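*Asks:* Line by line, the protein sequences are chains E and S.
Residue numbers in the first sequence follow the numbering used here, run continuously in steps of one, and reach 208 at the last position.
Residue numbers in the second sequence follow the numbering used here, run continuously in steps of one, and reach 181 at the last position.
Hints are computed from structural coordinates only; laboratory data are not their basis.
Since this is a predicted model, take the numbers as computed values, not measurements.
For lysine to any residue, the following SDA-like pairs were computed, each having C-alpha atoms within a straight-line distance of at most 25 Å:
| # | chain 1 | residue 1 | chain 2 | residue 2 |
| --- | --- | --- | --- | --- |
| 1 | S | 177 | S | 115 |
| 2 | E | 22 | E | 182 |
| 3 | E | 194 | E | 47 |
| 4 | S | 28 | E | 101 |
| 5 | S | 23 | S | 40 |
| 6 | S | 28 | E | 202 |
| 7 | E | 194 | S | 134 |
| 8 | S | 23 | E | 77 |
| 9 | S | 23 | S | 46 |
| 10 | S | 177 | S | 139 |
| 11 | S | 28 | E | 197 |
| 12 | E | 13 | E | 135 |
| 13 | S | 28 | E | 100 |
| 14 | S | 28 | E | 94 |
| 15 | S | 43 | S | 55 |
| 16 | E | 13 | E | 27 |
| 17 | E | 13 | E | 186 |
| 18 | S | 28 | E | 103 |
| 19 | S | 28 | E | 170 |
| 20 | S | 43 | E | 97 |
| 21 | E | 194 | S | 163 |
| 22 | E | 194 | S | 73 |
| 23 | E | 182 | E | 61 |
| 24 | S | 28 | E | 102 |
| 25 | S | 156 | E | 204 |
| 26 | E | 22 | E | 50 |
| 27 | E | 194 | S | 162 |
| 28 | S | 28 | E | 97 |
| 29 | E | 22 | E | 190 |
| 30 | E | 194 | S | 97 |
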Amino acid sequence: MTRPDPVRHDNAKVMNRFELTKRLVGRLKHGEAVIGGIGNTNFDLWASGQREQNFYMLGSMGLAIPIALGVAIAQPRRHVVALEGDGSLLMQLGCLTTVGMLGTRNLTIVVMDNHIYQITGAQPTATAAGTDIVAIAQAAGIARSAWAADEADFERLVDQALAQSGSEGGGPTLIAVRIDDKPAVATTERDPVKIRQTFMRGIAAQSG
Amino acid sequence: MEGSQGSGAAATAWHEIVLQTLKRNEVKLVTYVPDRVLTPLIKAVHADPYFTTFSTTREEEAVGIVTGAWMAGMRGAILMQTSGFATIPNALASLVVPSQIPLLMFVSERGTLGEFNIGQTLVCRTMRPVFDALAMENHTITRLDELEFIVDRSIKQAFATQAPVAFILSPLLTGGKVFGK
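Here chain E stands alone, though its shape is the one from the complex:
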């Protein structure tokens, strides 16, 4: 697949969330923490294999990125990935300015943009009308923000973010992907204490 240049929100390939989540998790080799946002985003993370370093957020819509930022601040040597949907991010857009202000070097944000509030009945989000998450992120101070053209480009952007993690002159990365409207392939077991304890055990070693 040739890479459209430049990749924009309106010409990026429409992909599948579960497929991309599997590809992402498959590239995590160093105990990277992953915070899955509310709804289908964390359901597909759960379905991709229950890594101990995954945190599945069951409520508090919009807080996946702030939680990931907190983990990243506390453990600067571990890379942290926030998986968030377009609707959730739109609820807490201000957090992008906080990430931009801090310039956290071990944080990657992946935004799964399907243009709808999928879990509540597929009502359109502002991205359906043209709001561009990458443009917002760049303006918020996250210079390394890009749309993934296709699956291979997504993996390239993930690898690039992981490779520069924590390095001098590095910074936070945002990768936005256009996804279809397919529901998640499984549902997360809803036990907040168990989720939290497993995650804390999973990231207890090798703390920064």
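Let chain E serve as the given structure and place chain S on it in line with the hints.
*Replies:* Only chain S this time, still in chain E's reference frame:
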């Protein structure tokens, strides 16, 4: 007005006591949404390299950040105003309480004891019913001589029992915010 004091000795300012108590309990992360009354504490925390401190755009965001940091081994607190507290019940009820997160909250109390803004008086009244509804530990601190005891013991309790706690800083302690300020 600089708040009450229990003895005739020169009193340490309330914000200095809070800062030292946070340090003693290894609370290194201090997030905040600014407030006039909290300004001396915010300034002091920024000036002390022990702390990682920054503002967030909303109090909810700070709840997420402190939650993540604690799970990853760093203790944290949030500084906010009563109107800020009114924005976070969803995050408390759906994240902090069910996940058993020892979240420390310092709430500068507006809306009482000389409030000049009717909106503040109303939003202030929503705070304590939320604590009651969630059965959350909270202390209204009015006296300088009780401040260290309450904050120190309650921080230890929060981490020992993995439960959130709120410290409501009364105008009786801080002087509050009045007309003309």
